[in-house]
Structures are given as structure tokens and as C-alpha cells.
Amino acid sequence: TREHILLARQVGVPKIVVFLNKCDLCPDEEILELVEMEVRELLSKYDFPGDDTPIIRGSALKALDGDAHYVAQVNELIKTLDSYIEDPVREVDK
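In this text, residue positions in the sequence shown follow the numbering used here: the first is -3, and each later residue adds one.
Honestly, I wouldn't trust all of these hints.
[As the list claims (entries may be wrong)] Heads up, simulated BS3-like pairs for lysine-lysine below, C-alpha to C-alpha not over 25 Å straight-line:
#1 Lys11 <-> Lys41
#2 Lys75 <-> Lys18
#3 Lys18 <-> Lys58
#4 Lys11 <-> Lys75
#5 Lys75 <-> Lys58
[Stated by the list, open to error] Quick list of simulated restraints, FRET-style, between CB atoms:
#6 Lys75 <-> Val31: 14 to 24 Å
#7 Val88 <-> Asp48: 28 to 38 Å
#8 Met33 <-> Asp89: 41 to 51 Å
#9 Asn17 <-> Asp43: 23 to 33 Å
#10 Tyr80 <-> Leu60: 15 to 25 Å
#11 Thr(-3) <-> Val88: 34 to 44 Å
#12 Gly62 <-> Val31: 18 to 28 Å
Calculated from the structure, these hints are not laboratory results. What you are looking at is a predicted structure, and each value in this text was computed from that prediction instead of being measured. Built from N, CA and C at the ideal position, the CB exists for glycine as well.
All chains should be built: construct the whole structure from the sequences, respecting the hints.
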């Protein structure tokens, strides 16, 4: 995670949406909250808006298996990407 955030910052990615995967493997809500808090701190450390960055919890594997709850989380990820990340402006004069 740290490497992904650092790389995104280094290449000039302006905004990030975080998907915490494999949440189905952690039944303890407090641990998930702690992980989310640590991710937010990392985002802030690398000059992303840690408190405002969308973080969606889910399980990609469970979504692929058709679990309705996790399919809904992936759909939330898609909607968040569409609303939070602006379309890049293409340079047409090159």
C-alpha cells in the first residue's frame, strides 16, 4: 500500500480512491477501522487528502462469486470512481 501511494504521488496522480480488499477475511470491525485509519494517515503523509479520500471496503473474490453484499461494494467503487475522479484532459495539439 505504501509503495502504491508513493508511486501515485511521484507520477502526479491527483486523486486516489481506495478499495480495501479481502474484508471478508476479517470479521473484526475494529481491525478494519484501524487499517482504514492507517491508510488515511499514509495518504496524508504523501500529500493526498487522507480525511476526504473515499475508502470502500469489500471482497473482489466474493463479488466474483456473486455475493450480493460484495457486488454492491464493487458497484459503489465504480460509482465513486465515476464521481470522484475527473476525466483527464487530453492534449489534442500534439
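message = Quick check: does the Cβ-Cβ distance between methionine 33 and aspartate 89 fall within 41 to 51 Å?
response = Holds: the Cβ-Cβ distance is about 45 Å, inside 41 to 51 Å.
inquiry  = Taking 28 to 38 Å as the stated bounds, is the beta-carbon spacing between valine 88 and aspartate 48 within them?
reply    = Given a distance of about 32 Å, which is inside 28 to 38 Å, the answer is holds.
Range hint compliance [Cβ, threonine -3 to valine 88, 34 to 44 Å] = Holds: the Cβ-Cβ distance is about 36 Å, inside 34 to 44 Å.
request  = Go ahead and decide if the range 18 to 28 Å is satisfied by the Cβ distance of glycine 62 to valine 31.
outcome  = holds (25 Å)
query = Does lysine 41 lie within 25 Å of lysine 11 when you go C-alpha to C-alpha?
reply = holds (14 Å)
Straight-line alpha-carbon gap lysine 18 to lysine 58, limit 25 Å = holds (9 Å)
message = Does lysine 18 sit within 25 Å of lysine 75, going by the straight-line distance between their CA atoms?
response = holds (20 Å)
message = With the threshold set at 25 Å, check whether the alpha-carbon distance from lysine 75 to lysine 58 stays at or below it.
response = Status holds; Cα separation ~19 Å.
Outcome of range test on Cβ distance (asparagine 17, aspartate 43; 23 to 33 Å) = 24 Å Cβ-Cβ, so the 23 to 33 Å window holds.
task = Indicate whether the distance between the beta carbons of lysine 75 and valine 31 respects the range 14 to 24 Å.
result = For lysine 75 and valine 31 the Cβ distance comes to about 22 Å; the hint holds.
request  = Take the C-alpha atoms of lysine 11 and lysine 75, compute the straight-line distance between them, and say whether it is at most 25 Å.
outcome  = holds (15 Å)
inquiry  = Quick check on a hinted range of 15 to 25 Å for tyrosine 80 and leucine 60, using CB atoms only.
reply    = holds (24 Å)
Taken one by one, the earlier hints all hold for this structure without exception.
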